[in-house]
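Asker: Listed in order, the protein sequences are those of chains Z and X. Quick note on this note's numbering: the first sequence kicks off at 1 and runs consecutively. Quick note on this note's numbering: the second sequence kicks off at 1 and runs consecutively.
Just so you know, these hints were derived from the structure itself, not from any lab. Treat each hint with caution, since some may be false.
[Stated by the list, open to error] Heads up, simulated DSBU-like pairs for lysine-lysine below, C-alpha to C-alpha not over 35 Å straight-line:
no.	chain 1	residue 1	chain 2	residue 2
1	Z	K56	X	K56
2	X	K56	X	K2
3	Z	K2	X	K2
4	Z	K2	Z	K56
5	Z	K56	X	K2
6	Z	K2	X	K56
Protein chains: 2
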Amino acid sequence: MKPLGILETCLYARDLEAAERFYTSLFELEVIARMPGRHVFFRCGRGVLLIFNPDKTEAETVLIDETAVPRHGARGAGHMAFAVPEAEFETWRGRLAAAGVAVEVEIVWPNGGRSLYLRDPAGNSVELATPRLWGLSEEPS
Amino acid sequence: MKPLGILETCLYARDLEAAERFYTSLFELEVIARMPGRHVFFRCGRGVLLIFNPDKTEAETVLIDETAVPRHGARGAGHMAFAVPEAEFETWRGRLAAAGVAVEVEIVWPNGGRSLYLRDPAGNSVELATPRLWGLSEEPS
C-alpha cells in the first residue's frame, strides 16, 4: 500500500500578495483558498501548491472543530518543480522573458530531461522541468 | 498554458538515512537517487519527493556540464501531504500504529476530506489526506 501521489506541496513566503501575483500571472494557477496574512493555496494539475507565511503557521493556533492544526514553518529558500511538456518548453522560456523573470540557470540533464530555474518573489527556487527528467510521462499529474 | 502539475516536492532533513528509512518503510516509496550526505529522492505516483540536507544545498556547488545547480535550503518544519484513498484511510491508521508512529492530529474537514498528521524524523509535518479535501479525484496522481 503506497500513497496515490503527492497532494500538497508547500513553500513559504512572507509577502503573500506578491506570491499570489507571481503564481497566478506567470503560471496561471487558480487560487482555491486564501487567508490574508496567513496563506494562499493554488490548484495545480492533480495537486495543490500551498504558500504559507511562516510567521503565522509557526506560532498561531488554527482550530478546526476544536482540533489545532499542526504547526510548521521554514525559513530560507525552498524548492519545487512544475512539470511542463517538452513541446511547450520554448514557449515557457518566452513567457518568462516577456514577464521579465530571469532564468537563473538552464540545465539539460544526462537523460535528456530539461530544467529552467527561476526565483519566486520570496527567493524560493522554482523549476520548470520536463517529466523525462524522472522517467515520467507527460500525462497531466 | 499551465504546468501539467507538480513534478518535485521538497523537504529538508540533516539525517538522510533516518529519512530514507522512514519514507521507504512507512510509505513504501521507491528510492530513485541518493547522494550520501546531500540528498535522497523518492518516486511517488507521478511526482517525486526530494529530501535534501540544507547544510549541503545551501553552500555547496554542484555542477552539471559546468553549470551550477541553483542553491536552496530551508530550516524549520516543512510540510507536505500524500494523497490516500478514502477506502484505505483506516488501513493507514493501522499501519502508523503498528510502526509506532504517533498521529499528531486527525482532522475531518467541513467538506468531508480527512487528514492524519504525523512528523517525519526531521520534524517535518507530513499529512495523509483524501483528495476530496481539495475536490480532487482519487486517480493516481
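Asker: Take the hints in turn and mark each one as holding or not.
Answerer: Outcome of the hint check:
1. For the hint linking K56 of chain Z to K56 of chain X, the alpha-carbon distance of about 28 Å falls within 35 Å, and the restraint holds.
2. About 32 Å separates the Cα atoms of K56 of chain X and K2 of chain X, which keeps this hinted pair within 35 Å; it holds.
3. For the suggested pair K2 of chain Z and K2 of chain X, the alpha carbons sit about 28 Å apart, so the restraint of at most 35 Å is met.
4. As the CA atoms of K2 of chain Z and K56 of chain Z are separated by approximately 32 Å, the hinted pair is consistent with the 35 Å bound.
5. Taking the CA atoms of K56 of chain Z and K2 of chain X, the gap is about 29 Å. The hint holds against a cut of 35 Å.
6. In summary, the hint linking K2 of chain Z to K56 of chain X is supported, as the alpha carbons are separated by about 29 Å, within the 35 Å threshold.
Checked against the numbered hints above, the structure breaks none of them.
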